[in-house]
Structures are given as C-alpha cells and as structure tokens.
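Novice: Here the protein sequences come in this chain order: P and D. All the letters of the first sequence, read from the start, carry residue numbers 1 to 427 under full-length UniProt numbering. All the letters of the second sequence, read from the start, carry residue numbers 1 to 427 under full-length UniProt numbering.
Among these hints, one or two may not hold up.
Unchecked claim - Just a sample of chain P residues kept apart from chain D, beta carbon distances all over 10 Å, derived:
| id | residue |
| --- | --- |
| 1 | T101 |
| 2 | A108 |
| 3 | L110 |
| 4 | P111 |
| 5 | S136 |
| 6 | A207 |
| 7 | E239 |
| 8 | A243 |
| 9 | G254 |
| 10 | A262 |
| 11 | Q282 |
| 12 | D343 |
| 13 | Q362 |
| 14 | V425 |
| 15 | D426 |
Stated by the list, open to error - To give a feel for the contact side, a few chain P residues facing chain D, derived at Cβ under 8 Å:
| id | residue |
| --- | --- |
| 16 | H82 |
| 17 | Y225 |
| 18 | L253 |
Keep in mind the hints are simulated off the structure, nothing from the lab. From the three backbone atoms N, C-alpha and C, an ideal C-beta is built for every residue, glycine too.
There are 2 protein chains.
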Amino acid sequence: MASSLRSVRLTLSQCKSLPITSSHASNLLRSTTPRLSPSPQDPFKRELATLHDGQIQASLVEVTPSKDPKTPPPPSTLVFGHTFTDHMLSIPWRADSGWGTPKIQPYAPLPLSPSATVFHYAHCLFEGLKAYREPSGKVTLFRPDMNMKRMNTSAERVAMPTFNGDAVIELMKQLIRLDKHWIPEEPGYSLYIRPTMIGTQPALGIAPPKEALLFVICSPVGPYYPQGFKPVALYGTTEYTRASHGGIGAYKLGANYAAGVAAQKAAALQGYVQNLWLHGPQHHITEVGTMNAFVAFKRDNGVTELVTPPLDGIILPGVTRDSVLALARDHAAGVLKIPELTDKLVVSERPVTMIEVKAAAQLGELVEFFGVGTAAVVSPVDRIGYLGEDLHIPTGPDGMGPLSRPLWKYLTGIQTGAIVHPWSVDV
Amino acid sequence: MASSLRSVRLTLSQCKSLPITSSHASNLLRSTTPRLSPSPQDPFKRELATLHDGQIQASLVEVTPSKDPKTPPPPSTLVFGHTFTDHMLSIPWRADSGWGTPKIQPYAPLPLSPSATVFHYAHCLFEGLKAYREPSGKVTLFRPDMNMKRMNTSAERVAMPTFNGDAVIELMKQLIRLDKHWIPEEPGYSLYIRPTMIGTQPALGIAPPKEALLFVICSPVGPYYPQGFKPVALYGTTEYTRASHGGIGAYKLGANYAAGVAAQKAAALQGYVQNLWLHGPQHHITEVGTMNAFVAFKRDNGVTELVTPPLDGIILPGVTRDSVLALARDHAAGVLKIPELTDKLVVSERPVTMIEVKAAAQLGELVEFFGVGTAAVVSPVDRIGYLGEDLHIPTGPDGMGPLSRPLWKYLTGIQTGAIVHPWSVDV
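Isolated chain P, as found in the complex:
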C-alpha cells in the first residue's frame, strides 16, 4: 500500500509540466485509498488528508495544544495587531496533491526558504474578521462566509489555490474555541482573526506557486475609538493611484497595501490622519485609506442620498460596505426600521467625484462623509484637504452624523449580539 502510494506520487511529480489538478490525483488514488475515518494514530491519516480529494478536510485536523500558554495582557494595554493568542491554524497546499492536513498548533515562527515565492513576488493575500464575546459568554463571528468567498476570489486573481470556505470556517471556529479566553470581557473588545495565504514554493521564476500555506492567527483588539468617536481629516491623494482598471484593486491582496503606504505617509506629513484615494482626471472618490467610502447628500425633495462608489473593478468589495448598504436599503425600502435613522433615504452605488463633494459642501448639501471597514466599523470624516484647500464636513457633537450614527449602532448591535441577526454566526 505504502509503495503503491509512493509510486503514484513519483509519477505525479515527474509530470510537473502537465496541468495536474488535485482531482486527477484523487481519481488515480480513489481505488487504493481507504475512506473510512482513520484513528488519530493511524499513519495513513496524513496521507489521506493530503491525497483525499485535494480539498481541505476539517475533520482531519491535528490539534497540538500549547505547553506554555501565555497570560493575556490587560486589555487596556492592547495595541492593534501586536498581541497574538496561543495557537494558530495552518493548512499546507501542494500543486500535485492539493490541500494537506490542517493543524492547530502553538503560535510559532514559519521557517520558510529564502527563495519562497512570497518573499519575491508578493504572493500573499489576507482577510480580516472579528469574533465577539457576548455577555452570556457566547462567541460569534460576523459574516465569515463573505471573507471566505473574497479570499477565494483574491487567490484566483494571483493564480493561487482556491478552497472550500466552509471547512476553513469550521477550523477557525475550533481555533477560536481553543483561545476564546483571549477575548477580553470589556465592551467594545473583540478578537481580530487574520486568515492569510502565502506562496511558499522554494524556487525563483515568476509563475503560479506550486506550494502555498493558508494560516490563521488571532489578535485581541480594543475598541477603535476608546474615548468615543473622533472624526478624521483626510488628504485627497492625486499624486498616487491605488488601483486601475485591469489591475488588482478589487482583491484583498498584500500587493495593494505596500503600494499604498507612500500615500498614507505623504498624507501624514501634511498633517492629515489618512488619505482619500482620488482616481482619474475627474478625481473620482474610491477609498478612504484602506476603507470603503460613503458620502451623504441632501436632495431637493427632503431626501438624503447615501452614495458609495460601485464595484467597477477598482474598489474592494468590503464586508462592512456590503452590510451598511444592505441595512440602509432595507431601511429605505421600509422592511427594516433602524432606530434614530430619521432621514428619508435613497441608497446609490454610483460614481462620485470630488468636484461633486466640493460643490455640495459649498451649497450646504453635504450631510456627511465616512469610511467603513472591519477594524473601525465606521470612521467619520470632518475635513478633506483637496488641491490645496480644506473642505469641512459636518459632524455631530459625538463625532458622528445622522446616518453613520444609527447605522453604526445597528451594525455593532448585530455584531455584539444585542440584535439577533443571521449575519452573526455561533462559534
């Protein structure tokens, strides 16, 4: 049996130039590979997980608890993304055998060859989502299916392996259950989950990597605005572009982020907190730093129009963006009543230029401007530096506006379990 498996593998590795898919490997092996669930000590378990049908098998996970668990630090000392829990999930992938055995093991360095794809050609992509601990102790995730769907889209864009998202959600839940004592009990705190995929083939040469690693790490994080909302000042960036049509702006690839740091730095040097990406000669509003952008305008008939740029290939399809749109549309359609949202609303996904925003500000028709994303949920803006002058944007005494305040309250209500909603998924 072992020699039969080995001989099939040799054949596969000898045919590297052929487009061998994991299902080919599976067909070749189907007749000789036992499918009954192996015992944890079964030496075939690893072979099975590697060769099964190339897909991630959550049931075959190997869990190695940490022998040296840490004491979570006091929540008030947390800095975003600097503290990690005791465990991580990792799942290797090879072009000739598909996804291997998932492992939950102590958080530890990844020993990668200096020639690994990720160090040279930026084959890396990620997701960000949060696990919340409800007062009852129940832990939930917010719309993890959306993250898995987008992660697959990102992977496909850079010729990396796709995977069954449900299996990774199941494995993330196991990881979170193991480390759930890391979620601080204080309100506003959560566990930030970072699924990541990197190319690990130890060879130079620009091509789809033949080896990859999907891993998930967890970081306890505090509220984005511990002292209440603080609106930010944006610098309207026209010197750099974040994305272009035919490019990668619609994908959550690492490559978008290294390229954006220069614009962020330039904004900071001029005294702004973040940059606003303005695209093309008409200065279309695309994104706020690494968040999606929303603008609200007063319309003639007493209606407020809530606008966000459409998903035309240069905008990241944000989960918070999608959630805000869905809630606002349901409210506008009368199928949902969001408390305190008194404006009569129309919701638009349409192009919006800085010229339109500037004109509205001058006419007193600009209701508000805000960014949305997983980390901050909603980030109100009170000033935009644009071509040498500052545009001032109204915000309320609490730093928010008439749309962002009720939308933020409702959304975080769902996320923290105060409002029962199918978007919140039990861990």
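We have chain P already, so just place chain D on it with the hints.
Specialist: Chain D in isolation, oriented as in the chain P frame:
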C-alpha cells in the same frame, strides 16, 4: 556601558510614535559608543554594528562557513532558480537602530513570525544580477551599482529603509568569492544573484515596517537558450494592466509580479509563450512579460529606428534596457563600432503603440521586436497575438534580427569578459 545602551534603547522604544530615524539614534549614542575597530570576539561588535551610524558596515561582517557544503549538481540538470549555493548574506534593520551586523552564513530557512509585514502587506522587493566566471577563472559582476541604486528607489517607494549600495556590493562579493565554485565552467552559465528586502515587523497594521531584512541568495543558472535562440510568441494583453501612472510599475517590487501572473497564465492558455502589456486605449507597448520592450522600424532614408518606451513612471528602468540603449546610442554616434551592426541607426525613447507596430508590419517596415532583461539578456519575438489576429515579425535563421544579434553579442561579450569594459566589475 551595557546599561547605558539599554536605557537609551528603552527610551527609543517608548517613543515609537515619533519619527525616530537611525541618525537620531546615532546622535544619541555617538558620545558613548567606541569607534575603534573591535576584535571579532569583542562583545561590543554586535552593539557597534547595530548602533554605529545606522548604516551597513561591510567590515563588521560575521562569516560562518557551512559545516555541510553540498556538491554542486551537474550543470545540465539546472533549472532556473531551483538550486542555491551553500551560503547567503543577511543584514537586519530596525527603525530604532538602523542596519545591524551583516552575516554570511549557511543557506537556511528564515524563521519569521506569522504576523511579519511581508506575509500581509507585500513589503518585498528584489534585484537580479549575474556573476560570470571568465575562462581565466576571474569572476565578475555586471553593473551591480545599477541594481543597488534601483533597490534603494524601490525601498523608498514602499517606505522601507535605504542603504549604502557600495557596502552591499562589497558583501555580495565576499559571498560570491565563498561560493564561486558553484559557477559552472561551461560557456553561457553564470551565478544568478538575488538581493531581496522584506518587511519583518511582527505586527499587523498598515504602516512602514519598523523591522526589515536585506538578504542575498545565489543560484547557478544555465544559458537561457541552450539550443540557440528561439523566438517567442506574445499575447497582446488588453484585459489586464501591469501598471498605471501614480502606481508602482517603475519599481522592482514583488507587488508587480504577483499581479502579473494572471496575464501570463491567460497568454499561455491561448498558446502564447509570454504576454505583451498594452497600456491605455491606444494600446501603448510597455513591457514584454517581465522584460523591457524594444521595436525596430525601417525609416524612409535607409535608417533603422530602434525604439523603447520612455521611463514615464509605468516602465521598469531595466539595467539591460539601459545597457542596450547606451551601446546602440554610442554606435549611432560613431563613438563605438559594434561588429555586424550594419544598419544606420537612430535610437529613440518614445511612446510606441500597437497600432504603429501593426501598420509597420503590414507595410513591411517592421525590422524586429525583442524583449531585454537580466535572465535572457535578449529575447526575440516572432509573433504577437493582437485583438484576435496574429502579427508576424521577421527573425533571421538563427532566431535573431539585424539589431538584436550584434547587440546581444556585444553585451554578452562584455559580461563574459571577452570585451573589456568598465561595466564588468571584478569580484
């Protein structure tokens, strides 16, 4: 002394929000840090190298020879970028102390935190250059100063540390001298050198990384065309864009390469060897896969015009591009006589569209089309798939053309030492 150093360090790390530069650190420490050359065993050597003046100090390199050197494989079995020599160079950097001690040590995996910047935000950049072994046994590098200059430009674009290129050239030479028996003696073979820089700060959050690693690995490589030149067929890519104005196309960042693999894959699926990046509505020729593009046209007055797109922000400033331009210009000006280059030449850096190339092909005025880069040096093209039809491009019986052949011969003559030239630098 040790405690004084430690206390300064604590102060620095407490001030993380301030823009502490390595020269600040240096000024703080100058009065207490001895500058006389330490003995190799001196425990202050590491401190010194770390804190000196933040710059890379080649003289402080620590060399650890491999205890288990490998036997280089037979040259004929080499696959590009799959085999590495016994040693590597690495130099760590920290925002609070600058460049640390350079180390030449056995080639080994890099143990990086799963939260390291490079895995999430694609803070990675690289260079590629070759070391040649002359028949006399002398080893040379080709224009390494150009690579160091570009590497610094790339680093700056993504807010990573710059460095003194001369020190890294000196360290690369030491590394190559140690592993020079890996350069095969057969003609056409060389040692491909890959300087790389990655962000290594173990923290999430999009910002300039506070820790980085510069490393250099070496791979023995064979001739790009072992059986003589083989012209390639290109697919004119209009569905994807490689770069845009205000973006990162002019920098050798990993981020450009992951994004390009999809276009390469699409070209391959349609039966082409590589893709030709066509930019904007007029289908400007920008690059050939990951090489710079050259086109030659017959002009009325019996002159041949050699054209390459200008460095307008979306073109990589290639070292081979620069070398071909310089040689062709010197020949056109009569200050250099390139043997076998009989065409009367004008050399242009100007925009060139696919429409112009297609019209020239139809009128019989297209002399040739080729890509240039470090790996292949010159790569002739015999066919371009463009909007559903194939354009045929003349090539000679040896696969090359009247310009690419003599230029390639002259350039490789310099690289291999047959032609004495200051571009070739002794190792």
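Novice: The structure should be examined with respect to each hint, and the outcome stated for every one.
Specialist: Verification of the supplied hints:
no.: 1; hint: T101; in the structure: 18 Å, holds
no.: 2; hint: A108; in the structure: 8 Å, violated
no.: 3; hint: L110; in the structure: 6 Å, violated
no.: 4; hint: P111; in the structure: 4 Å, violated
no.: 5; hint: S136; in the structure: 29 Å, holds
no.: 6; hint: A207; in the structure: 7 Å, violated
no.: 7; hint: E239; in the structure: 6 Å, violated
no.: 8; hint: A243; in the structure: 8 Å, violated
no.: 9; hint: G254; in the structure: 3 Å, violated
no.: 10; hint: A262; in the structure: 6 Å, violated
no.: 11; hint: Q282; in the structure: 15 Å, holds
no.: 12; hint: D343; in the structure: 33 Å, holds
no.: 13; hint: Q362; in the structure: 27 Å, holds
no.: 14; hint: V425; in the structure: 23 Å, holds
no.: 15; hint: D426; in the structure: 26 Å, holds
no.: 16; hint: H82; in the structure: 5 Å, holds
no.: 17; hint: Y225; in the structure: 16 Å, violated
no.: 18; hint: L253; in the structure: 7 Å, holds
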